[in-house]
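Enquirer: If you want the building blocks of each chain, they are given just below.
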Amino acid sequence: MNIRIAVIQFPGSNCDRDATHVLNNVIGIQADLIWHTNFKERKYDGCILPGGFSFGDYLRGGIIAAHSPAVKEAEIMLKDGRPVLGICNGFQILTEAEFLPGALLRNNTLKFECKWVHIRVENNETAFSNQMKKKEIMDIPIAHSEGRYFYDNLKELYDNDQIVFKYVSKEGLLNEESNPNGSFDNIAGVCNLERNCVGLMPHPERASEEILSPFKNTHGIKLFNSMVNFIKSKVI
Amino acid sequence: MPIVENEGETVEVDLTEEEIKKIKSLLGRDPYITEWGMFDVMGSEHCSYKSSRPKLKLFEPAEENYDYVLAGPGQDAGVVDIGDDYCIAFRIESHNHPSAIEPYHGAATGIGGIIRDILCMGMRPIALLDPLRFGRLKNNSHSQWLLKYVVKGIADYGNCTGIPTIGGEVEFDHSFENNCLVNVACIGVGKVEDLAPSRASKPGDYAVLMGNSTGRDGIHGVTFASRTLTEQSESDRPAVQIADPFSKKLIIEATVEAVKTGYIRGLKDLGGGGLSCASSELTGDGGTGIEFDVNKVFTREPNMTPFEIMLSESQERMMFIVKAEGLETILEIFKKYETPYAVLGKINNSKLLRVKNADKIVVELDPTLLSDFPVIIREEKRPEFLNDLINQKTPERTLKFDGIIYRLIASENICSKEWIYRQYDHEVGVRSVVKCGDGDSGVLRIIGTNKFISGSAGCNSKHCFLDPYEGAKGAVVEIGCNIVSNGLKPIAMVNCCNFGNPEKPTSFWYFSECVKGMADSIKFFNIPCVGGNVSFYNEDEVLQKVIKPTPIIMLLGYIEGQENIITLPFKKAGNPIFLIGETKNELGGSEYHSVIYNIEGGTPPKVNLDSTKRTWDFLLEVNKKGYIRSVHDVNKGGFLITILEMSFPNELGADLNLYDCFDKDLTSEQFLFSESVGRFIIEVDADKIKEFIALIEKNKLYFKEIGVIIEEMQIKIKRLEENFNLDIMIAKNLFNSTLPRIMEGDM
Amino acid sequence: MEYIVEVVLENKPAARDPVGSTIQKDLMAKQGYDMVSNVRTGQYLRIYVKAENEQLAEKLVEKMCNDLRIFNPVTQNLTVLSVKKKN
Amino acid sequence: MEYIVEVVLENKPAARDPVGSTIQKDLMAKQGYDMVSNVRTGQYLRIYVKAENEQLAEKLVEKMCNDLRIFNPVTQNLTVLSVKKKN
Ligand SMILES: Nc1ncnc2c1ncn2[C@@H]1O[C@H](COP(=O)(O)OP(=O)(O)O)[C@@H](O)[C@H]1O
Ligand SMILES: [Mg+2]
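Residue numbers (our numbering), protein chains in the order written: chain A, 1 to 236; chain B, 1001 to 1747; chain C, 2001 to 2087; chain D, 3001 to 3087.
A couple of the hints might just be wrong.
Computed beta-carbon distance windows for the label pairs [to be verified]:
id	chain 1	residue 1	chain 2	residue 2	range
1	A	ARG42	C	MET2001	14 to 22 Å
2	C	MET2001	D	ASP3067	39 to 47 Å
3	B	MET1743	A	LEU174	25 to 33 Å
4	A	GLU177	C	SER2021	17 to 25 Å
5	A	TYR158	B	ALA1686	30 to 38 Å
6	B	LYS1625	A	ARG42	38 to 46 Å
Covered by chain A, according to a simulated footprint, are these stretches of chain C (three or more residues, beta-carbon under 8 Å) [said to hold, decoys possible]:
id	stretch
7	2047-2057
8	2065-2079
If we take Cβ atoms under 8 Å as the criterion, some of the chain B residues that face chain D in the derived model are [claimed, not checked]:
id	residue
9	GLU1102
10	TRP1145
11	ASP1217
12	PHE1246
13	ASN1413
14	LYS1417
Simulated from the structure, these hints should not be mistaken for laboratory data.
From a predicted model like this one, the values you see are computed outputs, not experimental measurements.
Glycine included, C-beta positions come from ideal geometry on N, C-alpha and C.
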């Protein structure tokens, strides 16, 4: 089948081309860059809200973009089971749109943090983690200043198994040193109840080619491969 | 400053009586008040280069002598052809004075300005670099405040616009205490066909102003930048602009998309001098003219006068020269990105810049009058204190070597700069192949090709202070070594000259010597100078304090083939370590002198251009052959610091036998701590030693095999007058914790 | 009639206020201002709005802030500081 | 005695406020709240400080914000919104 993915460009998105590059040139599926006011969900099997600073992150990361018509289109996709991924600023947009639980606050370091971290797979039954093993550790970079995950009902997240990724040490230990921004319970990514919407702060598109990885691996690509697998398995 | 008037209006201009007379006679009448403002701005040091121009002539013309140079000095950015229709634009600028009083917005708008310089060549900006200078940091809340907010300003602007900051440099020295330096560089990539000249060459084209509205902010910003920072600056304060990276991001996308249509014939950003500078340069260089009404310009505040509109330096504005048939397409693009615009008027062949306010003419002159300001020949004189300084002796050593090295590795100028580059998104764009800290330069891939480019920028201000000619040559060599260390070849240079008041003969001497040093060395290496920027008046008149001369060099590296890219960390125990290049008795201006003895003098390093060139060629060749595994050039603190830096990332040690590794005339401390330029530490593949040595001997390079990499986390130094060990974990901790402890802690 | 409505968005206590505590701890206390026991920070907005009267201006701003999620109900509180007629 | 001093730091009136204008234009106006003509933003601080009396509390806070460069007078203004006794 011909899979077609939309990568939404909000004013101020800046990882839109990077995600499109990985989908088109590394994985080899069709991904279109679409300006947020022109996005129509009908043509697409899935969509990605990329990283960046939509509307400058003015007021709060993701809040202004959450009102964009593109987000309403994404909601339609979610309702009929198609996959939607939010990376970094995209994650902020998905929480502000209330498609995902919680909120992303200013890092407790009070600074922008650009570095490679390690995340552990907590739930491998989502549209974006089904090609990973549970508890698998992945090398991936972060680059954000508002990434401290907060939610006032953690129990609900655990009960519903909505935590997808957690920050851990190289060896897989959950501790404060491996938490780059002060996120509750080291949470790096969550999903919705239906498992077709995932948001995460780290950047899988920057960890999908060996040449870019200080660890010479391509762990990030598993997210996109999971999406492709999810789309294919649903069609069959 | 003289006051001029016309029709009852007056304005203060920073022009000499002679210049005023000349302007009147060229024009054949008294300039209108807005014209006075334009002459004032265009005649400022910043715009006219009136002091520096005679010296900058020492650089050979780049476009004529190098066939791959597509744009050289005089354009908004230098542009080089890297083959297969791709070209690279790059440039460096200073934003020192605004940053000294408002570090956050000063630095941020500096980034904004340099991005526009790249953008207006029609290229997409893909990387930033930031060479910085501050006063000493420890126990100095002013320097800490400046560093904190300069870094935040650069981070917020670069990160938001999605342009990675791939490298930079920083030095801390008391001379920058009241005059910090914020230099910013930008690199752009594009197709040769998209190159947009800053020229309006064809009558009938439309001039379209696009971007933010024009306000009263930053009127006379240029004149401000060209004046010494004194008490006077207090009242100039509103001259610092507010940064708006989000608008800039939209302008970048709209501009790149517009350029791709093929309908843009000329493009110019509005920087110093605002609309008056942009419109006169576009038409002046294009041999055309234009007429427009200032009321077409969209303003942010009501009742702005023509003078204010023409001279406002409001940020984030561009002027497009659009082919008539493409106007509608271009305006549609601006609408998509919701960037405001105004079609000002049509280019004509009058060779006149004519601006009206409804029926009244406010400007009517030949635009070339504004760009040809007469030069001023400045006096130069070597300062008398230099002789004593250079003869300063190294005090008797009382500390042990290991203690000295731990102190050096923890010192401000040598310690890790990770606290800075962590705050920069250095990976956005998925091009960053060698990232901050992994190598001496930032290396980027050009997606869709097997081409790689790199950038590195800096200089050693302490060396330049003692000997500006050799110091500037040393800067070219050091930055070139940074490029070569990662396997690329330096192909073009831009520079940013930061000096004191040019009206003072000693300050001007420093400038003059540095330019000579730069020009001589790049000529020797066959590297074209494709652009630059001069910042004078970095001098505190009240305290009589001048900055150390700082000729920042930026080099662009290029190579085809991923296999050529090499990084700094030691790779494997058992591999031998070589020191290439000769160490001389050159402790002058060294970190050893400054950190351990708090002295600035001594004999500064002299450069051997010939052996450096042969070393570069050799390294590029052995790297191609795959004989070497890691490379790092020797810089501040001497070669043991270099070895430590290579040992940290993979936590590998080294066993060094230094017997017979240096000239008998040298003492051990001179050998260990001299900062002789053009040296490298190289890890050679153990299986390729023979081939490596054969090739190095064939090239007649000075080299020593100094030891071997070991698993143990120690650097063992043997066969000096004292044997000693350095613990890698202790050194690494000192290296990494210095900046965070000062900036987050209580020092 | 035009009114000026001042509002402040603050983090709920559970969401913490690292900016405020850093200012108090790392800046004020360390520089000798130890008479400051606590600092809380927030985002301040001054909104210029047309409305019939003061009450309506306040109502409108409150409704808008809820509607548009000007404050994030998961993490923030909103307080109207003042409503004034613009002159 | 402990006092609560509320202050706002914002860009000088003649300076731009890109945050405020983006909120007004891209959020409020686009979502139908076009009765909002302008928004200016700032940093809000609520400072708990020990002092002899109200005047001194206000003075102290102003001096401290200047001393510690909590704001930069080159681009920003500081306004004390209120001083209250803490109960
Ligand atoms: N101001 C800065 N901004 C960004 N990166 C910086 C800055 N200063 C230093 N770096 C980075 O830190 C690393 C080490 O820098 P430096 O110590 O100057 O290198 P060198 O080993 O050539 O002396 C490099 O990757 C450099 O780009
Ligand atoms: Mg180096």
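Enquirer: Next, verify each hint and record whether it holds.
Expert: Hint by hint, here is what the structure shows:
1. Against the hinted window of 14 to 22 Å, the Cβ-Cβ separation of ARG42/A and MET2001/C comes to about 46 Å, which falls outside the hint.
2. For the pair MET2001/C and ASP3067/D, the beta carbons lie near 41 Å from each other, so the given range of 39 to 47 Å is met.
3. For the hinted restraint 25 to 33 Å between MET1743/B and LEU174/A, the CB-CB distance of approximately 28 Å keeps it satisfied.
4. Checked against the given bound of 17 to 25 Å, the beta carbons of GLU177/A and SER2021/C, roughly 20 Å apart, stay inside it.
5. In this structure, TYR158/A and ALA1686/B break the distance hint of 30 to 38 Å, their C-beta atoms being roughly 52 Å apart.
6. A C-beta distance of roughly 56 Å is found between LYS1625/B and ARG42/A, which places it outside the suggested range of 38 to 46 Å.
7. With 0 residues bearing a CB less than 8 Å from a CB of chain A, the stretch 2047-2057 of chain C misses the requirement of three and the coverage assertion fails.
8. By the rule of at least three residues with a Cβ nearer than 8 Å to a Cβ of chain A, the coverage given for the stretch 2065-2079 of chain C holds, with 6 such residues.
9. The restraint placing GLU1102/B at the interface with chain D holds, with a minimum CB-CB distance near 4 Å, inside the 8 Å limit.
10. The criterion of a C-beta within 8 Å of any C-beta in chain D is met by TRP1145/B, whose closest approach is roughly 6 Å, and the hint holds.
11. For the restraint placing ASP1217/B at the interface with chain D, the shortest Cβ-Cβ distance is roughly 6 Å, inside the 8 Å limit, so the hint holds.
12. Hint status for PHE1246/B relative to chain D: holds, with the closest Cβ pair at about 6 Å, below 8 Å.
13. The beta carbon of ASN1413/B is not positioned within 8 Å of any beta carbon in chain D (closest approach about 25 Å), and the interface hint is therefore violated.
14. Taking 8 Å as the C-beta cut-off, the interface hint given for LYS1417/B is violated, the closest approach to chain D being about 23 Å.
The structure fails to meet hints 1, 5, 6, 7, 13 and 14 from the earlier list, while all remaining hints are met.
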